[in-house]
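Q: Sequence:
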Amino acid sequence: RRLPTSMVLVSMILLISNAQLQEFKALRKISASVQRMNLSRTIGLESIKHGLHAIGGFGP
Numbered sequence: 624r625r626l627p628t629s630m631v632l633v634s635m636i637l638l639i640s641n642a643q644l645q646e647f648k649a650l651r652k653i654s655a656s657v658q659r660m661n662l663s664r665t666i667g668l669e670s671i672k673h674g675l676h677a678i679g680g681f682g683p
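Going letter by letter, the sequence shown gives residues 624 to 683 in this note's numbering.
Some clues are possibly wrong.
[Claimed, not checked] Here are the simulated distance ranges between beta carbons:
(1) Ser640 x Asn661: 37 to 47 Å
(2) Ser670 x Leu644: 35 to 45 Å
(3) Lys672 x Ile636: 42 to 52 Å
(4) Asn661 x Arg624: 27 to 37 Å
If you are wondering where the hints come from, they were derived from the structure by calculation, not from laboratory data. A virtual CB, placed ideally from N, CA and C, is assigned to each residue, including glycine.
Model the full structure from these sequences, guided by the hints.
A: Below, the structure written as structure tokens:
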């Protein structure tokens, strides 16, 4: 017994929209972390450089 076409279409649309939602969430996470990184960059690359230098001798 076959499902009505409308049911199949609805379930496909739901699957697609769920996938897009997951992708959107992932993109939001990525952009948020990028913004955070940019923020820390503006706060001061110098302090980060000094920190790395103090930790393990990275940087100048």
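Q: Honestly, which of those hints from before does the structure not fit?
A: 1 and 4
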